[in-house]
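Each chain, written out:
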Amino acid sequence: MFDIILKNITQRKLRTGLTIFGIALGIFAVIVMGGMSEHFNQTFDRSISLTADKIRVFPEIGFGGGDLNESKAREVKRVTGVADAYGLLQASLDPESLGFFGGDAVIGVQPEKFPSLLRDTKLTEGRFLTFGDGYRTVIGSSVAREFNLKTGDEIQIKSKSSLRTSSIAHARNFTVVGVLEYTGSFFDNSVLIPLKTAQKFYERGDTVSFILAVPDQGVDAEDLSKRIELNVEKIKTFSPEQLRKQIEQSLVVFTLITISAAVLAAIIGGLSVMNTMLMSVSERTKEFGLMKALGAETRDILFMTMGESAIMGVLGGIFGIIGGGALVYYLNDYLASRGTILFSVTPRLLVISIVFSTLLGIISGLYPAYRAAKMSPMEALRYE
Amino acid sequence: MNEPILRVRDLSKTYMQGKIPVHALSDVSFDVQKGEFLSIVGPSGSGKSTFLSMIGLLDKPTSGSVFIDGVEVTKATDSEAPVIRRKKIGFVFQHFNLIPTLSALENVDIAMRFARVPKSRRRERAIDLLTQMGLRDRMNHKPSELSGGEQQRVAIARAMANNPAIILADEPTGEVDTKTRDMIVELLRGLSEKGQTILVVTHDIAVSAKTRRIITMRDGMIESDRMIS
Ligand SMILES: Nc1ncnc2c1ncn2[C@@H]1O[C@H](COP(=O)(O)OP(=O)(O)O)[C@@H](O)[C@H]1O
Ligand SMILES: [Mg+2]
Chain A
0 MFDIILKNIT
10 QRKLRTGLTI
20 FGIALGIFAV
30 IVMGGMSEHF
40 NQTFDRSISL
50 TADKIRVFPE
60 IGFGGGDLNE
70 SKAREVKRVT
80 GVADAYGLLQ
90 ASLDPESLGF
100 FGGDAVIGVQ
110 PEKFPSLLRD
120 TKLTEGRFLT
130 FGDGYRTVIG
140 SSVAREFNLK
150 TGDEIQIKSK
160 SSLRTSSIAH
170 ARNFTVVGVL
180 EYTGSFFDNS
190 VLIPLKTAQK
200 FYERGDTVSF
210 ILAVPDQGVD
220 AEDLSKRIEL
230 NVEKIKTFSP
240 EQLRKQIEQS
250 LVVFTLITIS
260 AAVLAAIIGG
270 LSVMNTMLMS
280 VSERTKEFGL
290 MKALGAETRD
300 ILFMTMGESA
310 IMGVLGGIFG
320 IIGGGALVYY
330 LNDYLASRGT
340 ILFSVTPRLL
350 VISIVFSTLL
360 GIISGLYPAY
370 RAAKMSPMEA
380 LRYE
Chain Z
0 MNEPILRVRD
10 LSKTYMQGKI
20 PVHALSDVSF
30 DVQKGEFLSI
40 VGPSGSGKST
50 FLSMIGLLDK
60 PTSGSVFIDG
70 VEVTKATDSE
80 APVIRRKKIG
90 FVFQHFNLIP
100 TLSALENVDI
110 AMRFARVPKS
120 RRRERAIDLL
130 TQMGLRDRMN
140 HKPSELSGGE
150 QQRVAIARAM
160 ANNPAIILAD
170 EPTGEVDTKT
180 RDMIVELLRG
190 LSEKGQTILV
200 VTHDIAVSAK
210 TRRIITMRDG
220 MIESDRMIS
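Chains as they are written, first to last, in numbering that gives the first Met the number 0: chain A, 0 to 383; chain Z, 0 to 228.
By construction, these hints were calculated from the structure, which means they are not laboratory data.
Positions of the beta carbon are idealized from the N, C-alpha and C atoms, including for glycine.
A couple of the hints might just be wrong.
To be verified - Short, incomplete list of chain Z residues facing chain A, as computed with Cβ under 10 Å:
no.: 1; residue: Val82
no.: 2; residue: Arg85
no.: 3; residue: Asn96
no.: 4; residue: Leu145
no.: 5; residue: Gly148
no.: 6; residue: Ala158
no.: 7; residue: Asn162
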């Protein structure tokens, strides 16, 4: 039967082509949107797994607002169950350009806390920061790629004091001493500098943006998170689980975009398949009547018509994947030169796309196939 | 006498044209023996096509029954009907006989596909039948590339494909020239001489004259039924 299906499909090339194009367009959207969503999911997954063991401590939002003294880290550390606690200062690398999807970040951290912060992340070149390093930096892989930096090169960091009304921005060059390997997390877009230098550079005194608390072995992070909040004043904690939940919430938006793209694809592609199939079925009324007179069973006719729409779905899926894949490939290539990557076409996404387009074909072919199959052979053969 | 291959009893069909009933067929009864070559003649609208479509299970009668090989086919359910159509019946129509997208060979082949004949045997049989019909060189042509007579011969080959009990031909020569007509009638006669039962609906006397029994219909009833010696 398969050869007959193919014959029929190739019989009406333009119409079939347009229908396949319609599905391909939908799947194209699924690949691009889905690729973006997959990429964010992956990045957040990896970022979370890199920091999953730590509790974040933020200043309590209040009148004093926003300032967290480094001394709080010592208080946090005193809470039973906390192995270590240290402050981080986080700022935007270039405060003037609002980063597209986060952008690059400067992170001030005490050099001796590197192993704790980065876990087992390795360097592709150079060394980590050590005590006494001043205007030196270890950069993430994407930053290195974006600015084409090697150890020994210099990177300019700008600051813009948000606390003062005079918005004097100043800039300084930092020497790159090390480059991190690719982690797939936000560290790829980080510029790590010594905390002391950061505080001076950003005129933050001895404040930090947040504190990371590392639980002792075997201590439950969720419990500890609550305990820290009870024992230390004027702070709010963010447990790994809370962080995960919050990120998942922000990812919902991307998931929704993907789903909308898919739904749109389903509606447009599905309607066009249905339209094409209804046309071809009604044109072939006599043909189906004749087949029935020859002893074709209902399922033979269902198979032939739905096979046709399924093939259109599969082809649309394949072309959509090729088109979407090509666009994503070139966009990623272009974006990589600017330090980011935006899309991940995962195997899962490919499987979903092809299954989705095939189902789309089959489901939209259901009604036309039913119309073809219920045709009375007599009626079909009767009139000229 | 043997059990007739076709037994028709009190067959009636009433169509509704809007609210007006049209009695296309009224209480028709007769028997056909195996190997008979018979024609059904009569004016247009006398119910000939209706009659063939009842025998071929293309439509259901209002009342009465049809037995083929002793089986009451008019009782067949929707799922049994296709099996009877492809095993017992071979159809040849006046118009639209072939599937336009398929070659002559594939048109014969498809009837056997529906009958779930394995591929190897299908091809052999299709070639054999088309050769018998004198179409050996035309097998791979599409219907649009074949003459009317060639198309009808393909249709006859296809009707024969599953060794049906009866071949039903509805005005098979209605749209061909006299030379082709004679050729088609000769082909059908040749088949009947080999034992194939054939019912031909025609209003061409030249066709019915070649058959061995003529049933004349009028207003949905049998007006006469005579053997030709
Ligand atoms: N589907 C139908 N609906 C209504 N009337 C029909 C239908 N089919 C046939 N008829 C009527 O039944 C009568 C017999 O038609 P038909 O069997 O086609 O005659 P023939 O083949 O002898 O010309 C005609 O009057 C025709 O108009
Ligand atoms: Mg007729």
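Status of the hints after comparison with the structure:
1. Given the 10 Å rule on beta carbons, the hint for Val82 (chain Z) holds: about 7 Å separates it from the nearest Cβ of chain A.
2. The interface hint given for Arg85 (chain Z) holds, since its Cβ lies 2 Å from the closest Cβ of chain A, which is under the 10 Å cut-off.
3. A cut of 10 Å between beta carbons decides the hint on Asn96 (chain Z): the least distance to chain A is about 7 Å, and the hint holds.
4. Below 10 Å, beta-carbon pairs count as interface contacts, and Leu145 (chain Z) has none with chain A, the closest being about 16 Å; its hint is therefore violated.
5. Violation of the interface hint for Gly148 (chain Z) is found here, the shortest Cβ-Cβ separation to chain A being roughly 19 Å, above the 10 Å cut-off.
6. This hint holds: Ala158 (chain Z) has a C-beta 9 Å from the nearest C-beta of chain A, less than the 10 Å allowed.
7. The beta carbon of Asn162 (chain Z) comes no nearer than 13 Å to any beta carbon in chain A, farther than 10 Å, and the hint placing it at the interface is violated.
This entry does not satisfy hints 4, 5, 7, going by the numbered hints stated previously.
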